[in-house]
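As you go down the protein sequences, you meet chains A and B in turn. The first sequence lines up with residues 1 to 277 when you count with the working numbering. The second sequence lines up with residues 1 to 325 when you count with the working numbering.
Hints listed in this document are in silico derivations from the structure and should not be mistaken for laboratory results. There's no promise every hint is true.
[As the list claims (entries may be wrong)] When the alpha-carbon atoms are kept at most 25 Å apart in a straight line, the in silico PhoX-like pairs for lysine-lysine are as follows:
1) B:132 <-> B:273
2) B:289 <-> B:41
3) B:103 <-> B:273
4) B:41 <-> A:105
5) A:106 <-> B:41
6) B:103 <-> B:289
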Amino acid sequence: MNSKRSTSSRRWLYVVLTLGFVAVITPFVWMILGSFKGEGELLKVPPTWWPESATLDNYRDLFNKESFLRYFFNSTLVAVCVTIGNLIFCSMVGYALAKLTFRGKKVVFLLVMGTLLIPSMVTFVPLFVLVANLGLIDSYPGLILPFLVTPFGVFLMRQFIIGLPDELLDAGRVDGASEFRIFRQIILPLCGPGLATLGILTFLGSWNNFLWPLVAAQTQDYYTLPVALALFSTGQNVTPHYGILLAGATVVVVPIVIVFLIFQRRFIEGIATTGIK
Amino acid sequence: MATPAPARSPVASKPQTARRRPGRIKGSSSRRHKGSALQSKAAWILSLPFLLLFVVFTAWPVISSLYFSVTDIKSRDLRSPFAVSFVGLENYAKVFGDETFRKSAFNTAYFVIIGVPLTLGIALAAALALDKGITRFRTLFRVGYFTPVVTSIVAVAVIWRFLLQPDSGLVNTMLGWVGINGPNWLGSTTWSMPSLIVMASWRNFGTAMIIFLAGLQSVPVMLHEAAAIDGASTWQRFRHITLPLLRPTLLFVSITTGVGYLQFFEEPLVMTKGGPLDSTISMSMFTYKQFGFGNYGFAAATSYVLFVIIVALTAAQFRIFRSNT
Chain A
1 MNSKRSTSSR RWLYVVLTLG FVAVITPFVW MILGSFKGEG ELLKVPPTWW PESATLDNYR
61 DLFNKESFLR YFFNSTLVAV CVTIGNLIFC SMVGYALAKL TFRGKKVVFL LVMGTLLIPS
121 MVTFVPLFVL VANLGLIDSY PGLILPFLVT PFGVFLMRQF IIGLPDELLD AGRVDGASEF
181 RIFRQIILPL CGPGLATLGI LTFLGSWNNF LWPLVAAQTQ DYYTLPVALA LFSTGQNVTP
241 HYGILLAGAT VVVVPIVIVF LIFQRRFIEG IATTGIK
Chain B
1 MATPAPARSP VASKPQTARR RPGRIKGSSS RRHKGSALQS KAAWILSLPF LLLFVVFTAW
61 PVISSLYFSV TDIKSRDLRS PFAVSFVGLE NYAKVFGDET FRKSAFNTAY FVIIGVPLTL
121 GIALAAALAL DKGITRFRTL FRVGYFTPVV TSIVAVAVIW RFLLQPDSGL VNTMLGWVGI
181 NGPNWLGSTT WSMPSLIVMA SWRNFGTAMI IFLAGLQSVP VMLHEAAAID GASTWQRFRH
241 ITLPLLRPTL LFVSITTGVG YLQFFEEPLV MTKGGPLDST ISMSMFTYKQ FGFGNYGFAA
301 ATSYVLFVII VALTAAQFRI FRSNT
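Taking the hints into account, I'd like the entire structure generated from these sequences.
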């Protein structure tokens, strides 16, 4: 009897979980389907589910009239540069903090820990003044430089490298290898999983980053995808084109979801061990 | 979230600051000394790019933000940010006297106080179901529930604006099927905030769920079995075994979620522009608007208020959870 009851409660659990799954996925499915609908169909009451007459007009307008191709390129370029910078610089400091003894190590570590939680809201005003005075507003360096290293990345790499056995380093040192050689030829090759996690999470963070590109890109040439989408959707002088907006949202969401689905194991492990958003 | 808001995970190992000194080569003391001097030099060279970028783009802005907040710097002072006049705490006085700011503080509190428990509740329920309740399709559910987390809040807000439309929106259409006449969600001062909270929970619960799942791994099965033999119900076991053991995880997740929600910005910006009648304007949005008007000093002061609240809340949560353990 007991097992019977647990079978039926398990069935209910599946029903609830499936409903939750539908609730989570439906908005995305609806977004993709809507991006192929014409303007008239999107305003219909009641709304249609499947496009009555699928059209690519929204995407055509998005890329031809609204230069989303440029924004896509900007987003990709910034995310790639930021990711590479974090991989290199954060693993360098991570190694120093994890395995080397040096004067001032405590200070560096406290700096990293103390600034892990500083919200970008606190720094963006003076950062804007600084970057403006450097003449970097409306430039790729202006979008990239402030994110080239992150305390989070340093912390993640330190935690990873500290778990690597000291014996490997000692062996290298006995052989007379310099610290840089040990880092490059012994440590880095073992950092694969740590670097993968850092790379994926950094790329994601950069792709979705909003506040800084919103203030640092003043002309359309340097908009990233989220900035373009937000400004386009809140534009006051134009009546919003619903189809184009949904197509724009699809262009922002779908690439990163594909990346996520490919690397989902590493994503989820990364979140579980570091707790980053 | 623009910047990740990470912290040490309770499931990860403790940072080992007081670790034995690595890499000492056995030998004469002079050789050892030389070795450690070389190591010190190498460490600084390895840290140099980070330190430079960090000092310029993080440390400096944090300090100058505090400085800005006690000056009357405006956008026209951009070229000479140190030629502005010192106004003491005037900006802060103005912040607290500003009715829109008080409204934004109230909205932010509303968002956090309802949003955090809701998000964590959904996340915990999903984690418990996926951890013990089911065997099949576990990965599918986990990946599905996590998907909204990786998507841009701006894009999500655009989608939800359509879903919540009064006539042609999916939500009201579905409510219509069961005979409910849904309101104009985003156009109503009553419903706009709950709409944003539900959307934020929908997007963010996946993160907390994954961390809870990791935390649940550390709850020994043996304890549950023993309690079950003693006749404890599922609820009793959850209440007296799972929940206490999950306390550090709960602390961590509530802090990171709370810190994130305190800064909510994209949701009202894209969905409501803070309206109707300022019913969804957040503190971050208020700061951003003042920045847009060119009132940099005033904007810096508002952002510092938010910063202090974030730090205070984090500290308070630490105390509450610590004292009960």
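Tested hints:
1. B:132 <-> B:273: Roughly 42 Å between the alpha carbons, so the hint for residue 132 (chain B) and residue 273 (chain B) is violated.
2. B:289 <-> B:41: 46 Å, violated
3. B:103 <-> B:273: With Cα atoms ~14 Å apart, residue 103 (chain B) and residue 273 (chain B) stay inside 25 Å; holds.
4. B:41 <-> A:105: Cα-Cα ~12 Å, so holds.
5. A:106 <-> B:41: 15 Å, holds
6. B:103 <-> B:289: 14 Å, holds
Taken one by one, the earlier hints fail for this structure at numbers 1 and 2, listed in ascending order.
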